[in-house]
Amino acid sequence: MKGRSLLAPAAALVAALGSAATAEQVNYVTIAGIRSGTVAPGGMGFVALSWSSRRDLGGGVYATDGSFRLKTDGSLAFGLGLGDAETGIGFQVTANVTSLYGDLGDSGYLTLKAATRLNRGGAVPVYLGLTADHLAGWGQAKAPDESLDLTLTAFPLAQIGGKERRLMLTAGVGSKIDGGTDPGGYLGAGLALSDNWAVSAAWTGEEVTLGTGFRLKALPNVQFTASVEDAFDRRDARRVTLQATWTFDNLFGGRF
Amino acid sequence: MRRAGMGAAALAVVAMALGAGLAAGPARAGKDAVGVGPVFVPPLVLQDQTAATSAAAAAARAAEEVTLARDFCRRLAQKEYVIDCLAAEIGAVADRMPDDPTLAPAKAALSDASRKLGRIVEANRSTTLKPGVARASGRSSPRALRPVETARLDVATDAAIGVIEETGTILLRSSETSDEAAGFVAISTAVTSNTLLLRSI
Numbered sequence: 001m002k003g004r005s006l007l008a009p010a011a012a013l014v015a016a017l018g019s020a021a022t023a024e025q026v027n028y029v030t031i032a033g034i035r036s037g038t039v040a041p042g043g044m045g046f047v048a049l050s051w052s053s054r055r056d057l058g059g060g061v062y063a064t065d066g067s068f069r070l071k072t073d074g075s076l077a078f079g080l081g082l083g084d085a086e087t088g089i090g091f092q093v094t095a096n097v098t099s100l101y102g103d104l105g106d107s108g109y110l111t112l113k114a115a116t117r118l119n120r121g122g123a124v125p126v127y128l129g130l131t132a133d134h135l136a137g138w139g140q141a142k143a144p145d146e147s148l149d150l151t152l153t154a155f156p157l158a159q160i161g162g163k164e165r166r167l168m169l170t171a172g173v174g175s176k177i178d179g180g181t182d183p184g185g186y187l188g189a190g191l192a193l194s195d196n197w198a199v200s201a202a203w204t205g206e207e208v209t210l211g212t213g214f215r216l217k218a219l220p221n222v223q224f225t226a227s228v229e230d231a232f233d234r235r236d237a238r239r240v241t242l243q244a245t246w247t248f249d250n251l252f253g254g255r256f
Numbered sequence: 001m002r003r004a005g006m007g008a009a010a011l012a013v014v015a016m017a018l019g020a021g022l023a024a025g026p027a028r029a030g031k032d033a034v035g036v037g038p039v040f041v042p043p044l045v046l047q048d049q050t051a052a053t054s055a056a057a058a059a060a061r062a063a064e065e066v067t068l069a070r071d072f073c074r075r076l077a078q079k080e081y082v083i084d085c086l087a088a089e090i091g092a093v094a095d096r097m098p099d100d101p102t103l104a105p106a107k108a109a110l111s112d113a114s115r116k117l118g119r120i121v122e123a124n125r126s127t128t129l130k131p132g133v134a135r136a137s138g139r140s141s142p143r144a145l146r147p148v149e150t151a152r153l154d155v156a157t158d159a160a161i162g163v164i165e166e167t168g169t170i171l172l173r174s175s176e177t178s179d180e181a182a183g184f185v186a187i188s189t190a191v192t193s194n195t196l197l198l199r200s201i
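Residue numbers (this note's numbering), protein chains in the order written: chain A, 1 to 256; chain B, 1 to 201.
In case anyone wonders, no lab produced these hints; they're calculated from the structure.
Keep in mind the model is a prediction, meaning the values are calculated, not measured.
Idealized CB from N, CA, C, for every residue including glycine.
Careful, some of the hints might be misleading.
Partial chain A-side listing against chain B, Cβ under 7 Å, derived [to be verified]:
{"no.": "1", "residue": "V29"}
{"no.": "2", "residue": "R35"}
{"no.": "3", "residue": "A40"}
{"no.": "4", "residue": "F46"}
{"no.": "5", "residue": "S53"}
{"no.": "6", "residue": "S67"}
{"no.": "7", "residue": "T94"}
{"no.": "8", "residue": "N96"}
{"no.": "9", "residue": "S147"}
{"no.": "10", "residue": "A237"}
{"no.": "11", "residue": "Q243"}
{"no.": "12", "residue": "D249"}
Partner residues are not named here, just some residues of chain B that face chain A (Cβ under 10 Å, in silico) [to be verified]:
{"no.": "13", "residue": "F40"}
{"no.": "14", "residue": "R115"}
{"no.": "15", "residue": "G162"}
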């Protein structure tokens with residue numbers, strides 16, 4: 001009976017994800033744990049709520065001791081897309097609130113990102129993104145800690161398992177990647193399992209992040225990701241990260 | 001709007017669930033946000049449409065895209081945005097067509113139609129309604145759409161119908177000298193079908 005009770009929510013989730021796996025093409029894809037070379041479309045806003053099972057203590061060290069409440073933490077991100085990466089340059093501005101503890105919003109920073117599609121009209125869309133992170137920090141994040149990332153992301157299609165599936169491939173370099181303090185590179189790949197479900201793997205030099213992303217048919221504007229960062233515990237930093245992102249794209253008026 | 005409301009409610013529930021466990025904790029804000037933030041993925045239609053490798057397949061795909069564009073623009077509740085929706089969508093179809101000399105006349109005709117529709121919108125632009133990105137059935141317009149003044153909708157629509165009909169005729173004429181005649185006719189038919197949409201405004 002216990003087994004059945006555990007399976008029931010899983011079955012319900014599979015049903016909620018929809019029957020898109022029977023379609024000729026499956027196209028929902030994402031990569032958890034690393035940046036992408038893409039930005040939010042112009043006019044789209046988003047709110048992202050993230051939670052980690054282990055709190056970041058700084059310098060790539062994560063909490064190991066204490067109660068559940070003392071070990072975990074979360075963050076909020078509010079962002080906006082501007083411009084158009086498809087035909088020119090798209091921009092994304094994000095305000096990050098780094099903790100859900102204490103006074104909400106008492107610590108945070110801004111992230112600015114620009115991206116463009118390199119091969120307009122090409123068969124495989126390829127995007128190049130430049131991210132400036134940890135800008136204008138306040139509270140605990142006030143100390144100068146700016147970083148830069150250059151990220152390349154491509155979205156090829158591949159015939160896998162009898163279906164044409166969308167892939168997401170990302171490679172990037174950043175000034176503070178390795179342990180969150182030193183320059184480094186990162187790679188990642190995502191695979192569409194259905195029109196609403198994807199899996200991914202990413203590598204950041206020391207950590208491997210295994211993730212999954214999904215959306216529910218009833219909530220097309222909300223996306224969820226769940227990932228295990230440092231999945232092989234090489235840095236004694238294995239942790240579970242959950243994220244829910246709500247997007248809304250009528251910021252500039254026009255009631256569509 | 002209902003779906004957006006459900007999304008907000010879902011986030012609120014997650015926030016409350018997290019907040020119940022976290023908000024009462026000690027002040028110990030971290031220096032870094034959790035994760036790297038959300039990842040945005042362009043619609044599949046962009047790469048799918050550009051996957052055509054032959055001129056024939058590309059022409060057929062372009063015709064299909066124009067039809068999809070019409071269906072997308074038809075879903076807009078506010079008709080003031082429909083003409084610019086067609087301008088943006090048809091322009092995007094042209095941009096995604098490969099630079100194949102065989103397809104050049106069709107690509108040029110679609111680009112020209114997009115520009116002309118854009119000029120009609122600009123000449124009749126609303127001073128009260130704001131531009132915005134349209135979204136329907138999980139798809140977004142390629143750019144923010146500009147609304148036409150409601151009082152000038154009839155005038156603008158008549159002009160847009162003229163552009164659409166002219167473009168259809170140009171494509172048909174091009175088909176007579178093109179190696180991709182069938183593809184050009186299909187694109188022409190798809191383009192011309194937009195007159196029905198415009199007449200319904």
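For each hint, the structure was consulted:
no.: 1; hint: V29; in the structure: holds, 6 Å
no.: 2; hint: R35; in the structure: holds, 5 Å
no.: 3; hint: A40; in the structure: holds, 5 Å
no.: 4; hint: F46; in the structure: holds, 6 Å
no.: 5; hint: S53; in the structure: violated, 10 Å
no.: 6; hint: S67; in the structure: violated, 10 Å
no.: 7; hint: T94; in the structure: holds, 6 Å
no.: 8; hint: N96; in the structure: holds, 4 Å
no.: 9; hint: S147; in the structure: violated, 10 Å
no.: 10; hint: A237; in the structure: violated, 13 Å
no.: 11; hint: Q243; in the structure: holds, 6 Å
no.: 12; hint: D249; in the structure: holds, 5 Å
no.: 13; hint: F40; in the structure: holds, 5 Å
no.: 14; hint: R115; in the structure: violated, 14 Å
no.: 15; hint: G162; in the structure: violated, 25 Å
Hint violations for this structure: numbers 5, 6, 9, 10, 14, 15, all remaining hints satisfied.
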